[in-house]
Every structure is written in structure tokens, then in C-alpha cells.
Amino acid sequence: MLYCPQCRIQIRGVKERCVLCGNTLSMLDPDKGKEEVFPVISPAYERHLAIRILVFISFAAVVASFAIRMIFPTDVNWPLFVVFGLVSMWLSLVVIVRKSHNIPKTIMWQVTVVTLLSILWDWQTGWRGWSINYLMPIIYVSAELVMYITARIMKLSIRDYITYAMLDGLFGILPVIFILFGWVQVLYPSVICIAVSVIFLAGIFIFQGEDIKNEWNKRMHI
Amino acid sequence: MKAQKYVEWSRLDNASKIFPATWTLKDPKVFRIACELTEAVKPELLQKALDQTIDDIPVYKSVLRRGMFWYYMEKSDMRPEAHMESNTVCAPIYVGLRYNLLFRVSFFKNRINLEVFHALSDGAGALRFLQTLVHYYIILIGKGKFENTAAATDNASVSGLMDDSFGKHFIGQCGKRNRADVKDAKAYQIRGVRFDDNRMQLIEGSMSAKKVLDEAHKNDVTLTAYLASLFVYAIGKEMRARGRKYPVVLTVPVNLRQYYESVTVRNFFGFINISYRFDSDTEDLTTVIQGISERFKKALTVEQLDYQSNKYMSIERNLFARIVPLPIKDLVARLVVSKSVRHTTSIISNIGKITMPLEFAPYIRQFSVCTSAPRPQMTLCSYGDRLVVSISSPYRETDIQRNFFRVLSDYGIDIEISSSF
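So the sequences go chain by chain: A and B. Sequential numbering of the first sequence, starting at 1, is according to the UniProt record's numbering. Sequential numbering of the second sequence, starting at 1, is according to the UniProt record's numbering.
The hints are simulated quantities; they were obtained by calculation from the structure and are not laboratory data. Possibly wrong hints are sitting among the right ones.
[To be verified] In silico negatives: residues of chain B with every beta carbon more than 10 angstroms from chain A:
hint, residue
1, Gly-67
2, Phe-108
3, Ala-156
4, Val-158
5, Gly-205
6, Asn-219
7, Gln-290
8, Val-302
9, Ile-315
10, Tyr-383
11, Gln-401
12, Ile-415
13, Ser-418
[To be verified] Here are the simulated lysine-lysine pairs, DSSO-like style, with alpha carbons at most 30 angstroms apart:
hint, chain 1, residue 1, chain 2, residue 2
14, B, Lys-109, B, Lys-186
15, A, Lys-34, B, Lys-109
16, B, Lys-145, B, Lys-26
17, B, Lys-339, B, Lys-329
18, B, Lys-245, B, Lys-109
19, B, Lys-168, A, Lys-218
20, B, Lys-329, A, Lys-34
21, A, Lys-155, B, Lys-75
Even for Gly, the Cβ is constructed at its ideal location relative to N, Cα and C.
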């Protein structure tokens with residue numbers, strides 16, 4: 001056992017100096033109390049270097065593209081697209097990393113982000129309507145499929161995905177609004193999307209109605 | 001898609017509600033109770049004992065989930081695993097949306113550690129879990145020797161163990177302030193240089209309970225009041241002259257099971273605040289002890305505890321507070337807590353005298369308890385004649401710890417110090 005003559009205390013484990021006062025120690029009983037009491041834990045290593053590099057490249061790319069357009073002027077404001085592209089990339093990345101422990105939730109966030117970004121892109125590139133004509137119906141239907149397949153493969157418990165499956169189904173009915181307001185020029189993707197979503201939602205309610213009720217009671221208790 | 005079985009769930013009790021909202025990496029609201037045996041822990045037997053314990057106290061299988069308005073506990077079928085200690089002391093357990101068990105059991109050489117996220121249990125509840133675990137473990141070690149040894153914990157039904165005792169004993173009507181509350185003034189704050197990685201250093205001093213108790217009785221005060229006084233004195237010695245205009249305020253958690261009938265392993269505690277102002281820099285220890293002891297007597301009354309718990313209950317039952325969505329509640333809770341920490345200098349928590357069956361005495365060396373600490377904090381417990389006082393601190397400075405233990409060693413008490421690094 002080690003001993004600090006200044007503090008008059010014994011110290012367990014192997015220490016160079018007194019943990020209280022920092023003075024040197026003397027050996028009291030060499031056979032006793034030599035065992036370490038706590039494990040040595042190495043410090044957490046720097047995990048964010050890759051992200052720092054990506055942030056740096058993004059930042060440099062934006063500055064460089066604006067600088068290049070100043071030197072070589074063009075009609076199209078293409079550096080703005082660089083910014084949009086990077087924002088899209090980062091949004092998707094952040095969502096995936098932050099919600100990665102919950103796949104159904106990640107899917108829902110991705111659907112939301114992609115919906116918003118596609119409208120933004122379509123609008124910025126002269127509103128040709130591809131976002132609501134094709135992209136959104138396709139995304140909603142594929143999200144429903146992906147959700148169902150992941151739930152089966154990962155053997156997810158119903159409570160883990162029911163909320164997101166329902167939300168996704170509701171998203172899939174959104175194109176009704178597009179049709180009613182006459183925003184879509186091509187009808188069939190939206191119609192298919194609505195039909196699939198209605199069937200999807202009906203399936204959830206018919207097979208899992210009881211669970212939805214329980215889940216609702218839990219989540220909404222006040 | 002298969003239909004699922006009905007999953008048991010329960011609301012969080014009054015005190016638990018604050019912890020999921022206010023944990024941070026600096027203060028993950030985790031505490032540890034450890035039992036040091038006289039021989040090295042056998043992992044397979046510990047795992048077996050853990051499996052038996054979790055069947056006795058199934059509320060420990062809960063995971064924490066977010067609802068629209070409140071957090072809630074849901075029973076899970078995860079199986080806890082006893083693993084070799086590989087984390088820093090009181091490392092975060094609940095880290096937001098990951099669904100995991102709210103406690104962990106680890107071992108290192110002779111020691112069994114139980115670490116608990118505070119929303120699951122308080123010290124007394126976690127102690128019950130550890131006592132049960134150690135009980136089963138020693139029965140397994142004893143190979144049939146202790147088959148009929150009765151547990152040191154009283155018998156309780158499974159439903160009694162998961163009681164929401166706040167809901168049972170307090171209605172949430174507290175009337176007017178029934179005594180002059182100490183006006184919340186800014187308290188003295190201990191400052192220091194933090195360790196990297198949000199680590200904290202744990203310094204434990206193990207000593208004879210009887211000798212310390214004798215010292216306390218010489219001054220005619222209780223053990224908690226005595227050690228609290230030494231702690232305040234140790235803090236006071238490091239105060240700069242400018243700090244002296246603020247009082248040292250210690251928050252002392254109180255186990256409400258002593259005052260209200262309950263055997264719950266969930267949270268059931270209140271707290272009192274002990275405030276002490278250093279008038280001059282020559283204040284001696286006896287003056288501090290008398291002052292602190294007097295304040296303890298004044299603050300620790302059933303009426304005061306009753307009033308306090310009812311006050312917190314009334315906040316929870318407030319209709320407006322109930323219908324506010326959870327993210328906003330979290331935000332408000334964080335704001336309120338970050339303001340209220342200014343009114344506290346430190347926390348001192350005594351989880352008391354731990355009893356185990358007498359036959360087990362040759363197997364158990366000591367128990368110890370510590371908490372994650374955003375500032376230096378003190379915890380203590382005793383088993384037999386071993387009193388272990390732990391001071392956990394996120395700061396590199398160890399002056400307060402040194403002052404504290406040197407006072408005790410000056411009285412001729414043998415102290416054995418162990419430090420987490």
C-alpha cells in the first residue's frame with residue numbers, strides 16, 4: 001500500500017504521486033493494495049476528421065465557384081446550383097447520420113427532405129413540373145415498399161414503424177391535391193400513387209387497428 | 001406483419017420526468033453503486049445472478065420512449081449483460097433516441113458495479129437491485145451453503161416495486177408557502193479546469209464508520225450533517241475573498257421512503273437545501289459544524305418535504321403544462337434547470353447504512369456510491385464498519401478533496417484512498 005506522509009492517507013493501486021496533494025509517496029506495505037482499483041480507459045479518439053474534411057471541401061467549392069463566375073461571367077447563375085447541390089447533400093447526410101438508429105424514421109425524413117428539395121430544384125430550373133408529375137409519386141410509393149421490406153427483413157416490432165408507415169401512407173395521398181388543383185400534366189403516376197397508398201393505409205388499419213390504438217394511447221397520454 | 005402482444009408501459013413518476021430532458025454529455029445523470037467483494041468476480045455466475053435479479057425486479061427491463069406530450073417507460077425483452085468494466089465511471093446510458101436498457105452491470109476484479117440512469121431509479125431503488133444481485137451472486141458462490149438465507153431487503157410484491165409513489169402520496173395541492181423559504185440567492189460556484197472528454201475523476205476514501213461517527217457525536221451532530229460540514233469547510237478554505245459574498249449551498253436529497261410508506265424501486269426522493277455563509281476567513285470548523293447542523297434540523301421536516309413534493313406534483317398536473325408538446329417541455333425544463341443550478345454549490349447524498357445477511361460478511365469488503373458530476377459532488381454509504389465517502393469532480397483541481405480528507409486524517413482516522421485515475 002502506498003502512503004502519503006503529507007495527507008497521512010493510504011493510496012490503493014499504483015500511483016506516482018498522491019492524488020490529493022501531488023507529493024511523492026512512500027511504500028507502506030509492498031504486498032498489500034497493489035492491484036489497480038479502476039481500469040485504465042483510453043481517451044475517445046477524434047472521429048470527426050472525415051466530416052471536417054467534407055465541410056472544408058464544400059466551403060472551398062462554393063467560394064471557388066463564385067470566384068470563377070466573377071472572372072468568367074456566364075448567363076446562368078451556376079454557382080447557385082453548386083450551393084443548392086451541397087445543401088441537398090448535407091441535409092440528406094445529416095438526416096441519415098442523426099436518425100440512423102431508427103430506419104423507418106430515416107426513410108420518412110428522407111422522403112420529406114427529397115420532396116422539399118425537388119420542388120426547390122424544379123422551381124429554380126424554370127418549373128417544368130417534373131417534381132410533382134413524376135418524382136413525388138414515385139418517391140412515396142417506393143418509400144412505402146422500402147418501409148414494408150425493411151420491417152420484414154429487420155423483423156421490426158410494429159410499434160417501431162407504425163407511426164412512420166402511417167405518415168408515409170398519408171404523404172402518398174397528397175397527390176389528390178395536385179390533381180384537384182390541376183397542377184399535374186401527366187395523370188397516371190399520381191393516380192397509381194394514390195391507389196397504392198390508400199390500399200397500404202387500409203391494410204395497416206385492417207390488420208393492425210388494435211396496435212394502432214394502443215400505440216396512440218401511449219404516445220398521446222397527457 | 002405479425003400482430004404484436006400488448007406491451008406494458010407506464011408513465012414516468014414526478015421526479016423522473018426531469019432527467020430525460022436535462023441530461024447532457026457533461027452530466028449524463030448517471031449514478032453508480034458498487035460492491036467490492038473479497039475475491040475476484042466470476043463473470044458467468046454474475047450473469048446468472050443478474051438473470052435472477054431481473055426476474056425479481058422486472059421494472060429494470062424498461063426502456064424510455066418519447067410520446068407526443070411526455071416520456072414514458074415501456075417494458076422490453078432485452079436481456080441485460082454483465083460485462084467487464086470498459087467505460088469511464090458513470091458514462092452516459094441514456095443518449096436520446098436509442099432504445100436501450102437504463103442501467104448497466106459491470107465488474108472489475110473484485111468489484112460489481114451497477115450504473116443507473118436516474119429516470120429509472122433513485123439511490124435507494126438501485127441499492128435494492130444491487131443488494132438482490134449480490135445476494136444471488138453469493139448464493140451461487142457459496143454452492144448451496146446459503147440456500148436458505150433470507151434477503152436483507154424486505155419482501156415486496158412486484159407491483160409494489162414499480163409503484164409510482166409520488167402519485168400515491170401527493171395530490172399536487174400545496175397551498176401557500178408554509179414557511180419562510182430561503183430566498184433563492186446566487187450560490188457560490190466551484191470553478192476549475194475540466195478534464196478532456198467530459199471525464200470526471202472519482203476519489204473514494206474508505207474508513208472506519210465507527211470512528212467518524214464518534215467524531216460526529218463529539219460535536220453532537222448526525223453523520224450526514226458532520227460530513228456535510230467538513231465538505232462546506234473544505235470548500236470554504238478554497239474560496240477567494242470575492243467568493244465569500246455568496247453562500248455555499250448544499251442540496252441534500254432525502255429518501256422519502258423513510259417518511260411515506262413505499263417500497264418502490266423507482267424514484268421517490270425530495271431534497272433540502274442547506275445554505276451557509278462564511279462571514280470571515282477565520283471561521284473554524286466547530287462554528288461551521290454547529291451552523292450546518294442547525295440548518296439541517298430546521299430544513300428537514302415532514303411538512304417541508306410534503307410541501308415541496310406537492311409543489312412539483314402541481315406543476316405536473318397543471319393542464320397547460322400537460323398539453324404542451326414534449327420538445328417544448330424539454331426546452332423549458334433545460335432553461336429552468338440551467339438557471340436553478342446557480343442556486344446550488346454542490347450536492348451531498350448519503351444513501352445510508354447498507355445491510356446484507358450476516359453470513360455474507362466474509363465475502364463483502366465494502367459498498368460505495370458515486371454520481372456523474374457537473375461540479376464536485378459528494379456521496380457516501382456505509383456497510384458494516386466501512387464508510388466510503390466518494391467525491392466525484394470534473395475538475396483537475398483536487399484541493400477540496402485534499403482539505404476534506406486531511407481533516408479526517410488529522411483526527412487520526414485511517415483513510416484508504418482509491419482514485420479512478
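Each hint, compared with the structure:
1. Here Gly-67/B does not stay apart from chain A, with its beta-carbon only about 4 angstroms from theirs, under the 10 angstroms limit.
2. Listed as outside the interface, Phe-108/B is inconsistent with that label: its C-beta sits roughly 5 angstroms from the nearest C-beta of chain A, within the 10 angstroms cut-off.
3. The claim that Ala-156/B is not at the interface with chain A holds, since no C-beta of that chain comes within 10 angstroms of its own (minimum 26 angstroms).
4. With 10 angstroms as the threshold on Cβ separation, the claim that Val-158/B sits away from chain A holds: the shortest Cβ distance comes to roughly 21 angstroms.
5. Under the 10 angstroms C-beta cut-off, the non-interface status given to Gly-205/B relative to chain A is violated; the minimum distance is some 7 angstroms.
6. With a least CB separation of 21 angstroms from chain A, Asn-219/B remains clear of the 10 angstroms interface cut-off, as annotated.
7. Distance to chain A confirms Gln-290/B as a non-interface residue, since its nearest Cβ pair spans about 26 angstroms, more than 10 angstroms.
8. The claim that Val-302/B lies off the interface holds: its Cβ sits roughly 31 angstroms from the closest Cβ of chain A, which is beyond the 10 angstroms cut-off.
9. Look at Ile-315/B: its CB is around 14 angstroms from the nearest CB on chain A, clear of 10 angstroms, so calling it non-interface holds up.
10. Against chain A, the non-interface label of Tyr-383/B holds: every CB pair exceeds 10 angstroms, the least being about 17 angstroms.
11. Separation of Gln-401/B from chain A is inadequate, the least Cβ-Cβ distance of about 6 angstroms not exceeding the 10 angstroms criterion.
12. Consistency note on Ile-415/B: stated as away from chain A, yet its beta-carbon is not over 10 angstroms from all of that chain's, at 5 angstroms minimum.
13. The claim that Ser-418/B is not at the interface with chain A is violated, since a C-beta of that chain comes within 10 angstroms of its own (minimum 4 angstroms).
14. Taken as a hint, the Lys-109/B and Lys-186/B pair is broken in the structure, with Cα atoms around 44 angstroms apart against an allowance of 30 angstroms.
15. Pair hint Lys-34/A plus Lys-109/B holds up; C-alpha atoms about 12 angstroms apart against a cutoff of 30 angstroms.
16. With a C-alpha separation of about 45 angstroms, the suggested pair Lys-145/B and Lys-26/B falls outside the 30 angstroms cut-off, and the hint is violated.
17. For the hint pairing Lys-339/B with Lys-329/B, the CA-to-CA distance comes to about 15 angstroms; that is within 30 angstroms, so the pair holds.
18. Straight-line distance between C-alpha atoms of Lys-245/B and Lys-109/B comes to about 47 angstroms, which puts the hinted pair past the 30 angstroms bound.
19. With a C-alpha separation of about 21 angstroms, the suggested pairing of Lys-168/B with Lys-218/A holds against the 30 angstroms cut-off.
20. Annotation: proposed proximity of Lys-329/B to Lys-34/A is violated, straight-line Cα distance about 50 angstroms (limit 30 angstroms).
21. Proposed proximity of Lys-155/A and Lys-75/B is supported: the alpha carbons are some 18 angstroms apart, at most 30 angstroms.
When each numbered hint is compared with the structure, violations occur for hints 1, 2, 5, 11, 12, 13, 14, 16, 18, 20.
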